[in-house]
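Listed in order, the protein sequences are those of chains L and B. The first sequence begins at 1 in the working numbering and counts up one residue at a time. The second sequence begins at 1 in the working numbering and counts up one residue at a time.
Calculated directly from the structure, the hints in this document are not laboratory data. This one's a predicted model, so the numbers in the text were calculated from it and none came from an experiment. There could be a bad hint or two in this list.
Said to hold, decoys possible - Restraint ranges, calculated between C-beta atoms of paired labels, are given here: (1) ALA144/B to GLY182/L: 53 to 61 Å; (2) TRP122/L to GLY277/B: 33 to 41 Å; (3) PHE203/B to ASP185/L: 33 to 41 Å; (4) TRP122/L to PRO115/B: 52 to 60 Å; (5) PHE203/B to PRO126/L: 18 to 26 Å; (6) THR152/B to ALA183/L: 25 to 33 Å; (7) ALA276/B to LYS149/L: 38 to 46 Å.
What the hints assert, rightly or not - With a cut-off of at most 25 Å between alpha-carbon atoms, the simulated PhoX-like pairs for lysine-lysine come out as follows: (8) LYS281/B to LYS173/L; (9) LYS150/L to LYS138/B; (10) LYS197/B to LYS184/B; (11) LYS184/B to LYS149/L; (12) LYS150/L to LYS281/B; (13) LYS197/B to LYS129/L; (14) LYS281/B to LYS149/L.
Stated by the list, open to error - Which residues of chain B face chain L? A partial, calculated answer using Cβ under 8 Å: (15) GLU248; (16) VAL285; (17) GLU286.
Virtual Cβ for every residue (Gly too), placed ideally from N, Cα, C.
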Amino acid sequence: MWSDQGIAMKASIAAVPAGGSAFLRIEGLSKSFVPGKPVFADVGFTLDRGEFVCIIGHSGCGKTTILNVLAGLDAATGGHVFMDGREVAGPSLERGVVFQSHALMPWLTVRRNIAFAVQSRWPEWPAAKVDEQVRRFVSLVGLDGAIDKKPSQLSGGMKQRVGIARAFSIQPKMLLLDEPFGALDALTRGTIQDELMAIVRQTRQTVFMITHDVDEAILLADRILLMRNGSETAAGYRPGNIAETVVNPLPRERTRAGLHHLDGYYALRNHIVDFLVTRARAA
Amino acid sequence: MKKSLRLRSALLSLALFLAFLAVWQVATQSSGAAASQAGMTAEQIEYQKMLGKDPGQVKAAGFPTPAEIGATAWKHLSNPFYDNGPNDKGIAIQLAWSLGRVALGFLLACLVAVPLGFVIGMSPLLQKAFDPFIQVLKPISPLAWMPLALYTIKDSSTSGIFVIFICSVWPMLLNTAFGVASVKREWLAVASTLEVKPLRRAFRVILPAAAPTILTGMRISMGIAWLVIVAAEMLVGGTGIGYFVWNEWNNLSLTNVIFAILVIGVVGMLLDMAFAGLQRKVTYVE
Numbered sequence: 001m002w003s004d005q006g007i008a009m010k011a012s013i014a015a016v017p018a019g020g021s022a023f024l025r026i027e028g029l030s031k032s033f034v035p036g037k038p039v040f041a042d043v044g045f046t047l048d049r050g051e052f053v054c055i056i057g058h059s060g061c062g063k064t065t066i067l068n069v070l071a072g073l074d075a076a077t078g079g080h081v082f083m084d085g086r087e088v089a090g091p092s093l094e095r096g097v098v099f100q101s102h103a104l105m106p107w108l109t110v111r112r113n114i115a116f117a118v119q120s121r122w123p124e125w126p127a128a129k130v131d132e133q134v135r136r137f138v139s140l141v142g143l144d145g146a147i148d149k150k151p152s153q154l155s156g157g158m159k160q161r162v163g164i165a166r167a168f169s170i171q172p173k174m175l176l177l178d179e180p181f182g183a184l185d186a187l188t189r190g191t192i193q194d195e196l197m198a199i200v201r202q203t204r205q206t207v208f209m210i211t212h213d214v215d216e217a218i219l220l221a222d223r224i225l226l227m228r229n230g231s232e233t234a235a236g237y238r239p240g241n242i243a244e245t246v247v248n249p250l251p252r253e254r255t256r257a258g259l260h261h262l263d264g265y266y267a268l269r270n271h272i273v274d275f276l277v278t279r280a281r282a283a
Numbered sequence: 001m002k003k004s005l006r007l008r009s010a011l012l013s014l015a016l017f018l019a020f021l022a023v024w025q026v027a028t029q030s031s032g033a034a035a036s037q038a039g040m041t042a043e044q045i046e047y048q049k050m051l052g053k054d055p056g057q058v059k060a061a062g063f064p065t066p067a068e069i070g071a072t073a074w075k076h077l078s079n080p081f082y083d084n085g086p087n088d089k090g091i092a093i094q095l096a097w098s099l100g101r102v103a104l105g106f107l108l109a110c111l112v113a114v115p116l117g118f119v120i121g122m123s124p125l126l127q128k129a130f131d132p133f134i135q136v137l138k139p140i141s142p143l144a145w146m147p148l149a150l151y152t153i154k155d156s157s158t159s160g161i162f163v164i165f166i167c168s169v170w171p172m173l174l175n176t177a178f179g180v181a182s183v184k185r186e187w188l189a190v191a192s193t194l195e196v197k198p199l200r201r202a203f204r205v206i207l208p209a210a211a212p213t214i215l216t217g218m219r220i221s222m223g224i225a226w227l228v229i230v231a232a233e234m235l236v237g238g239t240g241i242g243y244f245v246w247n248e249w250n251n252l253s254l255t256n257v258i259f260a261i262l263v264i265g266v267v268g269m270l271l272d273m274a275f276a277g278l279q280r281k282v283t284y285v286e
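Next up, chain L with everything else stripped away, as it sits in the complex:
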């Protein structure tokens, strides 16, 4: 029934080097809110250590659900997620999450928001050490001046930076980013993308990120998963899945400003846009 998608799947797995020893392995993942009509089914992919993977697709295809399952915040209907050889069952400090809505606690200052995370990670740390860690990560996102401000006093971009600092401050094994720049204006978004890339390169963090923005995916990701929505076909309902995995051929040291001058940029961009326009949401 889903033969064409099965071929795509095999192709994508084959494209991943050393699938068995992958850092994060997702196998046969499915989720249905209505029984018998899963939003997505048989989703499988892997992430290597230090790899930056973006998933791109239309709303409703189940990207956020996949991310929530990886985070342990949601339970899949079927399938397994393994991180570092162990099955993911519930939320863990080993996976930092940056939420789309930044999810800062408005009654705490920036310092105390991040300290809350650091204390959760290392409850035995003395206050001075916690504060040192907090200040380190606040300055990593360039917010030293705003450390004692409440989130309501910050702009949207600054709040999202704090969210990123909080996720990094617990030094997780991997980061999950749920469309972190979706609510930001284009200029702010560009600046924070550059910052995020710098921090990720510097910390060699493994990252899984949801985005709607093709350029954002091309700039940040080593690999881009293209996900299509579930749809009714002549042969019956076809659940959503990852239709294709695109390996980013651009050099790893790339910048937002120089992105469109790189060879292969337009080919890659056109390929993804074509996918989103024609194949992601089969009529």
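Take the given structure of chain L and dock chain B to it, following the hints.
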């Protein structure tokens, strides 16, 4: 601009107050001397006296003038702590009794309502299970509990405290449950990804998130408690500002009754301001 608005409103308040006093003064004065002996012959006055209505004394027994209230207030406030036996105590002592009862009943209500509201708010099952009881118990006038309280507790003072408890408990319970139930899911998600333990989550995430709503409930409860204590003390008697009002009514001393009404109003306002201040402290801007 803002300051001038404040100044102008204060001036207007003062003008309204003075106008009110003037009307009061005029109204109470004319009812006295003007209507009394004017146009009456000596025989008519004599006849009135035989009927037990002394026209010359109408003023003394009538509605007090603002000046008389002022004098009474000064008398009470200059010596608030005297104690001349059960029916004659200083205003501060009476107030202390009332405030003590309210504080005790309110505190007990807090101890029950906040933890219970927390549990109810966290569990949709309990929320649904408790709902019919709360819906039935909430609209009962606290004073309707009085006979039952007097019969079971047998102590009038404790019954007063119980009545305060029962009237304060509902707004706090409902608001706590509502506040806890509507804590943003994303903050709870943050707490779970950080593997925060349940107790720490309750105190560091849910409590501060729900605190403004909980304090709103407390403020409403305190307002109701202060309304109810006066009525309760009128019923149980003995001490307190409510009993003072009742006692002075029996003495037919309207001056003292009016003074007590003013005191009740001012104390109620101060209590409300105190809770408004607390509320401001825990309110956050998103």
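Against the structure, the hints:
A hinted range of 53 to 61 Å for the beta carbons of ALA144/B and GLY182/L is consistent with their spacing of about 55 Å. A hinted range of 33 to 41 Å for the beta carbons of TRP122/L and GLY277/B is consistent with their spacing of about 37 Å. Checking the proposed 33 to 41 Å range against PHE203/B and ASP185/L shows it holds: the Cβ atoms sit about 37 Å from each other. Range check, TRP122/L to PRO115/B: about 30 Å between beta-carbon atoms, so the 52 to 60 Å window is missed.
As the Cβ distance of PHE203/B to PRO126/L is approximately 21 Å, the hint placing it in 18 to 26 Å holds. Between THR152/B and ALA183/L the C-beta distance comes to about 58 Å, which lies outside the given range of 25 to 33 Å. The beta-carbon spacing between ALA276/B and LYS149/L, approximately 25 Å, falls outside the hinted interval of 38 to 46 Å. Between LYS281/B and LYS173/L, the direct Cα distance comes to roughly 38 Å. Violation of the 25 Å bound is thereby established for this hinted pair.
Under the criterion of a C-alpha separation no larger than 25 Å, the hint pairing LYS150/L with LYS138/B is inconsistent with the structure, at around 38 Å. Of the pairs offered as hints, the one joining LYS197/B and LYS184/B holds, with about 18 Å between alpha carbons and a cut-off of 25 Å not exceeded. At roughly 21 Å between alpha-carbon atoms, LYS184/B and LYS149/L fall within 25 Å of each other, so this suggested pair holds. At most 25 Å may separate the alpha-carbon atoms for a hinted pair to count; LYS150/L and LYS281/B meet this at roughly 14 Å.
Proximity of LYS197/B to LYS129/L is assessed by CA-CA distance (about 21 Å); at most 25 Å being required, the pair is judged to hold. This hinted pair checks out: LYS281/B and LYS149/L have alpha carbons roughly 16 Å apart, not beyond 25 Å. Checking GLU248/B against chain L: minimum C-beta separation of about 47 Å lies over 8 Å; hint violated. The closest approach between the C-beta of VAL285/B and any C-beta of chain L is roughly 4 Å, which is under the 8 Å cut-off, so the hint is satisfied.
The interface hint given for GLU286/B is met, as the beta carbon of that residue sits about 5 Å from the closest beta carbon of chain L, less than 8 Å.
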